[in-house]
Amino acid sequence: MQQAGGGSETEVTWEDQQNINKFGRLNNRYHELEDEIRIAKEANENFEDASNELILTDEEVVRFQIGEVFAHVPKDEVEMRIEQMTETTTKHLEKLKDEKDAVVAQMADLKKVLYAKFKDSINLEED
Amino acid sequence: MATSASPQQPGGAVVAERRGIPAASFVEDVQIYLNQLGLDVNSTLAFLQERLQQYKVVEMKLLAQQRDLQAKIPDIEKCLDALLTDFEASEGIYSRARVEDIDSVCLWLGANVMLEYSCEEATSLLRKNLENAKASLEVLIADLQFLRDQVTITQVTIARVYNWDVHQRRVRQALASQDS
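Same order as they appear, the protein sequences are chains B and G. According to this note's numbering, the first sequence is numbered sequentially starting from 17. According to this note's numbering, the second sequence is numbered sequentially starting from 2.
It should be emphasised that the hints constitute simulated quantities derived from the structure, not laboratory data. Built from N, CA and C at the ideal position, the CB exists for glycine as well. Keep in mind that a hint or two might mislead.
On the chain B side, residues computed to face chain G include the following (Cβ under 8 Å) [said to hold, decoys possible]:
#1 Q33
#2 I36
#3 N37
#4 I82
#5 A132
#6 F134
Pairs of lysine to any residue, SDA-like flavour, derived with a Cα cap of 20 Å [stated by the list, open to error]:
#7 G:K135 x B:E48
#8 G:K79 x B:K127
#9 B:K111 x B:I53
#10 G:K73 x B:E52
#11 G:K57 x B:H47
#12 B:K107 x B:E61
#13 G:K62 x G:A160
#14 B:K127 x G:A160
#15 B:K113 x B:D125
#16 B:K133 x G:G21
#17 B:K57 x B:N68
#18 G:K79 x B:K116
#19 B:K116 x G:M61
#20 B:K113 x B:N60
One chain only, chain B, in its complex shape (with noise of 0.2 Å):
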C-alpha cells in the first residue's frame, strides 16, 4: 500500500519513519474494525429476525439457544433477552464506530503532513 517513487531525494527521518509506522497501524485498526462493525451489523439483524419470528409463533415456550445447549425458556423470558442482547450489540457499534471515525481523521491529518513532505514519492491510498 505504500511505496516511495524512485529516485527521489527527500530525505527520511526518524520522525517520518514513525509517522509512517503510525499511519500504516491505524490503517489495519480501521479495517478490523470495519470487519467488527458489519459482524454487530449482522448480529443485530439476526436479533431482529429472531424477535420477528417470535411474535409469529404461538408457543409458549422457546428453546433458547445458550452456547451448545439449547433452554427451554418461556417466551416473555426470551423476548427480554433478545432485547438486552441487542442494547449490548447497539452500544458497541456506536463505540465501533466512534472509533472508526477517530481513526478515520487521524489517518487525514497524517495524511497531509506525509504528502507535504514527500509528495508523488509516497503513496498512501488503499490499491
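Place chain G on chain B using the hints.
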C-alpha cells in the same frame, strides 16, 4: 553529517527485539548504512527482502494464534453463560438437562478428558481461563503491532536504498557525460 545507523533513542524507547522478533534498525543515512553493512546495493536489497520474508512468516504464525484465541474467548464466555443461566432455568423447565443436580458440573478439558467440578470451582476455572486467554490476546496483538512496524520500516528502507542507488547512477551518468 548524518549520524550512524544504530537503534534510535528519540522520544519513545526502541527495543532491539521483542520476544524473539528482531527489530529493524532505522537507517539515518543510506551511504553510511551500506558502508556499515559492507555490501553492495544488490546484496543489501536481497538481505532486506529476506528480512521482510522472515517477518511475513512470523506474522502469519501470530495471526493464526490470534484467530485461535479470538475463537476460544467467546467459547469460554458461552460456557460461563450457560453455567450461570442454567441455575435460573433449573426450576424444572430445562427438563432435558443431563445435569439435574446443580451442585456439580462437568467440564470438557479437551484431549478426551472431562472432569466434574462443583459449580463454584467450575465458574472460577472458566473465569481464570477467560482472563488468561484475554491477557494472551493482548500480548499477541502488541506483538503483531511491533511486527508490522518492523515490516514498514524494512519496506521503507528497501525503497530508500533503491532510490539512493538510482540517484547515484544518475549522478555518475551526469559526471560521465560532462567529462566526455
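Tested hints:
For B:Q33, the suggested interface contact is upheld, since its CB lies about 6 Å from the closest CB of chain G, less than 8 Å. Using the Cβ-Cβ criterion of 8 Å, the hint placing B:I36 at the interface with chain G is satisfied: the shortest such distance is roughly 6 Å. Using the Cβ-Cβ criterion of 8 Å, the hint placing B:N37 at the interface with chain G is satisfied: the shortest such distance is roughly 5 Å. Taken as an interface hint, B:I82 checks out: its beta carbon lies about 5 Å from the nearest beta carbon of chain G, inside 8 Å.
The criterion of a C-beta within 8 Å of any C-beta in chain G is not met by B:A132, whose closest approach is roughly 17 Å, and the hint is violated. Proximity of B:F134 to chain G is violated relative to the hint, the smallest CB-CB distance being about 11 Å (cut-off 8 Å). Restraint check for G:K135 and B:E48: satisfied, since their Cα atoms lie roughly 17 Å apart, inside the 20 Å limit. With a C-alpha separation of about 42 Å, the suggested pair G:K79 and B:K127 falls outside the 20 Å cut-off, and the hint is violated.
Between B:K111 and B:I53 the CA atoms are separated by roughly 10 Å; this keeps the pair inside 20 Å, and the hint holds. At roughly 17 Å between alpha-carbon atoms, G:K73 and B:E52 fall within 20 Å of each other, so this suggested pair holds. Taking the CA atoms of G:K57 and B:H47, the gap is about 19 Å. The hint holds against a cut of 20 Å. Between the alpha carbons of B:K107 and B:E61 the distance comes to roughly 15 Å, so the proposed pair stays at or under 20 Å and holds.
Proposed proximity of G:K62 and G:A160 is contradicted: the alpha carbons are some 26 Å apart, above 20 Å. Using a Cα cut-off of 20 Å, the hinted pair B:K127 and G:A160 holds, with the two alpha carbons roughly 19 Å apart. For the hint pairing B:K113 with B:D125, the CA-to-CA distance comes to about 19 Å; that is within 20 Å, so the pair holds. Taken as a hint, the B:K133 and G:G21 pair is broken in the structure, with Cα atoms around 34 Å apart against an allowance of 20 Å.
For the proposed pair B:K57 and B:N68, the alpha carbon gap of about 17 Å is at most 20 Å, so the pair holds. Distance hint between G:K79 and B:K116 is unfulfilled; the C-alpha atoms sit about 28 Å from each other, more than 20 Å. Note on B:K116 and G:M61: the hinted pairing is violated, with a Cα-Cα distance of about 25 Å set against a maximum of 20 Å. Distance hint between B:K113 and B:N60 is fulfilled; the C-alpha atoms sit about 15 Å from each other, no more than 20 Å.
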